[in-house]
Structures are given as structure tokens and as C-alpha cells.
Amino acid sequence: MSDLLELPWHEARTQASPREYLDACLAAIEARDPQLHAFLHVNREAAGEGRPIAIKDNIVTTDMPTTCASRILGDFVSPFDATVIARLRANGASIVGKTNLDEFAMGSSTEHSAFGPTRNPWDPNCVAGGSSGGSAAAVAARMVPAALGSETGGSVRQPAALCGVVGVKPTYGRVSRWGLVAFASGLDQIGIVTKTVRESAEVLGVIAGHDEMDSTSSAHPVDDYTADLDTGVRGLRFGVVREAVEMLAGEVRENFDAAIATLRGAGAIVEEVSVPTIGYAIAVYYIVANAEASANLSRFDGIRYGRRSPEARTLEEVYADSRGEGFGAEVKRRIMLGTFALSSGYYDAYYGRAQRVRARMRHDFAQAFAKFDLLITPTTPEPAFPIGAKTDDPLSMYLSDIFTAPANLIGVPAIAVPSGFSRSGLPLSLQITAPHFAERAMFQAAAGYERETGYWKAVTGLLGY
Amino acid sequence: MKIDREEARRIAGLARLELDDAALVRMAGEMTKILTYIDQLREVDVEGFEEHSDSTATPFREDVTRHSLDQELVERNAPAWSDGFFVVPKVIGGE
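Residue numbers (the numbering used here), protein chains in the order written: chain C, 1 to 465; chain B, 1 to 95.
Since the hints were made in silico from the structure, they are not lab data. Hints are supplied without guarantee of correctness; some may be wrong.
Unchecked claim - Covered stretches of chain B (in silico footprint by chain C; criterion: 3 or more residues with CB under 8 Å from a CB of chain C, positions within the stretch not fixed):
#1 2-12
#2 30-40
#3 44-50
#4 69-77
Positions of the beta carbon are idealized from the N, C-alpha and C atoms, including for glycine.
Isolated chain B (complex conformation) (with noise of 0.2 Å):
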């Protein structure tokens, strides 16, 4: 599978990375090798092997309040915090 810079964008618009002109072309040609490398699961036989095939569930606990972390925990650790909030750059009517 070949990965080219304008494929690596792409994939790093999805991821939510930024990746300069350099790094996406050094990213599409380690992607491309890596890859090359998985195609070998092409020649193996899967048929009748399903992809959900591991039979043990998680089970559900019950649906019950518990008591969570307390907000100036949280706020500890908050690059932006004000009164009880995340603080992020506006979404709606900014620039």
C-alpha cells in the first residue's frame, strides 16, 4: 500500500495533527513501508474466521450514582479553568 504526502494530510486532518510539509513526507514513506509489511496478512486463509470471533463479553455493571471527582481536582490539572468550566477559544460567532 503506497501512502503519498497528499494521503498523509488526510489521515493527519483526521487524527487531529498538525504535521509539516517535511514531516508528512517522511510520515507517507515510514506509513508506506509499514504497510507493505502488513499486506503479507493478504495471503493467509481466513475463510470462515470472523472478525467479532472472541466470545467473551463484557458484562454491564449496574446503573447506579457514585460519587466522582471533586471539581478543584480537576481544575488542578486544567490548562484553562474559570468557574467551574473548561475555558476554549469560542466556536460559535468567532472570527
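Looking at chain C on its own, in the form it has when it is part of the complex (with noise of 0.2 Å):
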């Protein structure tokens, strides 16, 4: 059963029937999930002929509840299927399960989900990641060998990260949201964790696409992902962007240093390039994605689906009352947050000032990308931190996506791939940051750095597989 989960899918169908493959998830799930708590729902009826498949609870599906990991939604069940479940049926995948997640998506470690947090499979004592930690250890433990998540801000990269798999934000509008639960609608995309390079090149190359339901999805043309993989890195520029190495110390510091050392033996050619404003990420990211949540998440009323509060006697109180007791406390303040920055006599200074400084880092980019075919940092400024290490310092944790947020905030795609390991055994990890829908450059030099590491081999010790 194990042996058969660690290939990569294009090589394990050729070895056993898709029943087969689909027995060996859920037998896998059942022997390893109970110690890391990446299902919010498993699908034990699930049938299909193609790849197994697990979906972040944000992504909504006929079969199972999607719960956003939040009390409010009660026991929603959906009354369609999101796009890229659709797509994913029609090419035969079966949808396993749905993942746990950072309440609505909003956090950094899968701590803030209302059904408890996500064990790393490196390290139980440690966090997966977020907000798709569901996602990312489901496939790091070899329980599918793939799954979908979501971004705002880098809940599929960061987690990826700290989990030893690949993850993958695609450009802006290149995969629909048609029954993603929104977030941030200027910021949100659909992404993919997989053990390999390859298999998420795969998988986009089925969900990418215009969806008359999304009018933010491009009409650009999809590419075939897969075309450059084995085409390696030479010859490619790649830029290190400076400021974001001046934030970096220690052994994120020396595995980075490795990462562009294995490059140029590659024969890419890396220089330095200077991206500005990098630093300020967060801070602009607070503002702008809050100020859409605050607004996105107004839906969430007692009114028409949910959960309504049983206290409530007025209208007033139906609003109040339920979303005062539904949602958990990373989205009360996130929403708060948002208000203020929208509300009268504060848009100007936070708001407005946030959207005039995203416009300068939107500049500073196409600058580098003028020079640079991908740019490249670590994913994450430190591995898997300690469960419980920063729920109480939201600040903190927000930092983990210094590096992350960047790419949503200015649109264009970008990939977490897995590069060596911490002292102390954590997965570490690269991050290769492409121009607008150049997915298949990025494909191209995440599968030759791959290649010329193979980290992804490396597999868990947790649970004796």
C-alpha cells in the first residue's frame, strides 16, 4: 500500500487499478489521519477512475458539507458543485474528502479552525501551516496524492512549505472561483499541493480555464504545463531578491544559499535584483485583504443559510447575535479590522494608502520581471513552528507570509517547492515567483531545481510508513 503512494501518479496508475489506488488513500487515511486531523470529511463512497483528490472545505461540493472550518455554516451542504470540481469529476478524479483550514481561510497555522488544529507530519508537536494545512499534510503523509486549496496570501504555498510538498498559486484569474467561499475576491485563486512538480502541473492543466460563472476568470489560453518539465533550468535567469535575503538568518539563510548554488551547477544564471517595497507585504495585505473580507463575509447573517443564533428576538439581533457566535476570533478581527479601514474618516489614510503602495510593489515587479525570466526566495522565513507558539500574537503569525503575499497582492503565479531540511528535521523550502500566466516557465524551473534535489523523496517517519 505505502510503496504504491509514494510514486508519483503517472507512474503508480501504470502499477495498479484505480479501485486499487483509491483503497490504498482511504486505507491510508484511516491509519494516519487520526493523529494529524487533515479531514474534516472523508468520502468513503468516493469512485472515480483518475486521480484521488482531497479539497480544501472552502471549496464547495454536493456530496459533502463544506464547513469553512466555522460554526456559522452549521451543517451547509452545498446545492451545486464549485467549477473546478466539476472539472475535476469530468476527468475522472474522485473527491476523497475535504481538508481542514484556518476558519474561512484566514490564518497560518490551521490553528483557527473550529474543529481543531492540523497536525504537522514531520513533527505532531508542530503546525501544518495554513490556512490550507488540511491539504498540505494529507499529501505530505501520503494519504492522496494530491489536493486543492486556496490563497489569499499564501495558504497554499506557506503551508506546502512547512509540510515538505510542492504548492502552487496560479495567476489571478487563471482558475475559476465559481463556489470558492469568497475571502479577499482581489487576491483569492485556487492552488494545488502534490508531492511533485509534475503532478501539479497536471492538475491545473485540468482546472485552468475561463468559467462563464467567474468573470474574473482569464479567457488567456490555457498551456500544456507539462511541456518544459524535463527541459531543466539552463540558461534561465533567475533573480534573488535582495531584500527579502537581508531578512533572512541561520539556516533558512544557508539552505537558501544552497538553493542558488544547485541552480547556477545547473547552469541558470542567478543574480541579485531589488524589488523595494517586498517589505511592506503585510502590512498592505492586512488592509486590503481584511477590507475585502469585511465586506465578503457580510453573507454570513443567520438569514439564509447557517447557523442562526437562538437568542436572537430582532432582525438586529439575528445579524449580531449569530456572527457573534459563530465566527471564531481570527475572523472577528480580521473583519474588524477591514471596517475600520473602510469606514469614513480612515479610507484615505489605510485603505487608499494601501492600494497607492500595492500599485508601487505592482511596478517594482514588471521592473524585475524586465530583467529576470523568475525570481526567487525561500517560501517561509523559518520552518513548522510549535503548535500554540503564536495564537497569541496575531502580528507574529501574520509574518510567516512575509514572502507569500507578494505574489497575490500583485497577481502573478508562483510555486513552493521542497528544498532540504532544518537541523532540527522540518522540511524547508524554495519559492520560484513567474511573470503573469508564465506557469509554464515556472513549471519548467521548479521540475529542474526538482531534479537536481529530489527532496520529495524524502518521506515522513511519523507513522511508520
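Reassemble the complex: the two chains are provided individually, in unrelated frames, and hints are given to aid placement.
Structure representation (C-alpha cells):
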């Protein structure tokens, strides 16, 4: 069973029938998930001739509940499938379960789930990252070969990095968001977690493309994302973001330097480039994302779906009590910050200012991409941290996304690729960022680096497999 | 930027969030800390960069009638429902 789940999908499918592979996944979930809590629902009746896949529980499905890891949704079951689910089903995929997340995808550790945290397969005392922590842990522990997550500021790449797997955020508009519960509509994008770069490229090929149900989805042609996976990195120009390197310390810095040496050794051109505004990404992000969230989450009001407060007597109390009882602390904090940033008298100083800094950041990245094919930084400033270490300090939690948030703010694609281990045995990760719709080059670079290093083959020892 | 308990109460009212006094005090402290961090954006030179600078416009679709959700599917998720309507407490002429 375990050997099969260690193989990339295109190899595994030659060694087992779809039914055997799916049964291996379900058995692995049964054996491993009680310790990890990656899943909120498992569909033991799942069927399909294609790739088994797990879905973050803020993407709606008709055959399982969608909770967003929040109490406010109660026992909600969507009357329709998200577009990505419909496309996966049409491709034969088996939707095996829904994965844990920070409530409404707001968090960087999956500790803000109303149903309890997901644990890191490499060290169960550490967080799996977030908000797509369940999706990352499910793939890292080899319970499924692929999972979908969602990104607003790094919520696929950051947990993928902390769990030692590949995480992809496509270009804004590359994948339809119809059926993704909205957090910040100007930033949200559905992303992918897999063991290997190839598997992510294959899944993106299935879910990418225009959808008339999401007017922000792009009509830009869908590439063959697997076309250049074996081309290597020779001749590719990588820009090392200087301002990010200056923030690094210790073993993360050493690991990043080793990644640069690997790329150079494989024939890539690697030089420094300046992106002066990159250090402001978190400050911009927490105004822009929360402002949008405060508007998007107004739909959870106890009227049309989800849980209504039994205490409420007036309409006003239905709103305020249902929301006060239904939302967790982090979601309330973000709604409050967003409401403040958009409120009369503060709009220009906060929301307006953040948008202008974001415009300058877009300009800085465009200048860097004029000289380089791709930009690199570590995916996160540190490896996985212990459960509970940052829950009392929201700001320090937010800073885990310092290197991932820029791609969301400017709309470009980025990928997290395993780059080795810390001295305590926790995964580290290299982030490769590409220009808008240059996913094909991004996958080429990531696959080239992966082939030189092969860290995806290392598996966790936690569960005796 | 300093947020005190009364400012937090005003914002919670705008956001339709019921928070008790202890939660408001805690929220005010956390918001102050986060907004103080965010205030570093004041030091960035944004001369020449405008709030609405993203040139990609969202295209409109044709305005055509389409099938939407069936009422029975909507009713299944509704907290209170009667004869094809969502039920809410009386708004006009109530207590």
C-alpha cells in the first residue's frame, strides 16, 4: 500500500487499478489521519477512474458538507459543485474528502479551525501551516496524491513549505473561483498541493481556464504545463530578491544559498535584483485583504443558510448574535480591521494608502521581471513552529507570509518546492515566482530544481511508513 | 493608530458583530498593535502611484436569463423557511 502512494501519479497508475489506488488512499487516511487531523470529511463511497484528490473545505461540493472550518455554516451542504470540482469529476477524479483549514482561510497555521488544528506529519507537535494546512498534511503524509487549497496571501505555498510538499498559486484569474467561498476577491485564487512538480502541472491543466460563472476568470489560453518539465534550468535567468535575503537568518539563509548554488550548478544564471517594496507586503495585505473580507463575510448573517442564534429576538440581533456566536476570534479580528480601514475618516489613510503602495509594488515587480525570467526567495522565513507558539500574537503569525503575500498582491503565479531540511528535521522550501501567465516557465524551473535535488522522495517517519 | 474600547464598540456595530466588554477591550488592544505595524506604510513614497492602477477590467457577460437554484435546494440550508420565503423576526411594527 505505502509503496504505491510514494509514487508520482503517472507511475502509480501503471502499477495498480484506479480502485486499488483509491482503496490505498482510503486505508492510509484511516490509519494516519487520527493523528494528523488533515480531514474534516472523508467520502468512503468515493469513486472514479482517475486521480484521487482532497479538497479544502472552503470549496463547495454537493456530496459532502462545506464548513469553511467555521461554526457559522452549521450543517451547510452546497446545492451546486464548484467549477473546479465539476472539471475534476469530468476528468475522472475521485473527490475523497474535505480538508481542514483556518476558519474561512484566515490564518497561517490551521490552528484557527473551529474543529481543532492539523498536525505536521514531520513533527506532530508543530503546525502544518495554513490556511490550507489540511491539504498540505494530507499530501505530505501520502494519504492522497493531490489536494486543492486556496490562496489569498500564501495559504497554499506556506503550508506546502512547512509540510515539505509542492504548492502552487496560479496567476490571478487562471482558475475559476465559482464555488470557492470568497475571502478577498481581488486576491483569492485556487491552488494545488502535490508531492512532485509534475503532478501539480497535470492538475492545473485540468482546472485552469475561463468559466462564464466567474467573470474574473481569464480567457488567456491554457498552456500545456507539462511541456517543459524535462527541459532543465540551463540558461534561465533567476533574480534573487535582495530585500528578502536581508531578512534571512541562520539555517534558512544557508539553505537558500545552497539552492542558489544548485541552480547555478545546473546552468542557470542567478543574480541579485532589488524589489524595494517587498517588505511592506504584510502591511498592505492586512488592509486590502481584510477590507474585502469585511464586505464578503457580510453574507453570513443567519438568514439564508448556516446557523442562526437561538437567542435573537429582533432582526438586528439575528445578524449580530449569529455572527458574534458563529465566527471565531481571528475572523472577528479581520472583519473589525477591514471595517475600520473602510470606515469614514480612515479610508484614505488606510485602504487608499495600501492600494497605492500595492501599485508601487506592482511596478517594482514589473521592473524585476524585465530583467529576469523568474524571481526566487525562500517560501517562508522559518520552518514549522510549535502548535500554540503564535496564537496569542496575531502579528507574528501574519509575518509567516512575508515572502508569499506579494504574489497575491500583484497577481502573479508562484510555486513552493522542497529545498531540504532544518537541523531539527523540518522541511524548508524554495519559492519561484513567475510573470503573469508564465506558469509553464515556472513549472520548468521548479521541475529542473526538483530533479537536481529530489527532496520530494524523503518521506516522514512519524507513522511508521 | 490607537483604538480604544469605545472605538472598537463603534466598529463592531458597523460590522454587526456582538462582542461583550471583555472582548472589546481585547480587540482594541490587538487592533492597536496591528495598526501600529501597518502605519509603516506612511513612510513609502507613493508619488505617482494611484489607488486604482490595475488596468485589467472585469468584462461583462450578456444579460440573459438563466436557470438558478431550485427552491427546495435553498430551503434545505435555510435556518427558517415558510412557503417559499426566508422567515425573519418582524421588522416593521414590531416591539
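Of the numbered hints stated previously, which ones are contradicted by the structure, given in increasing order? none
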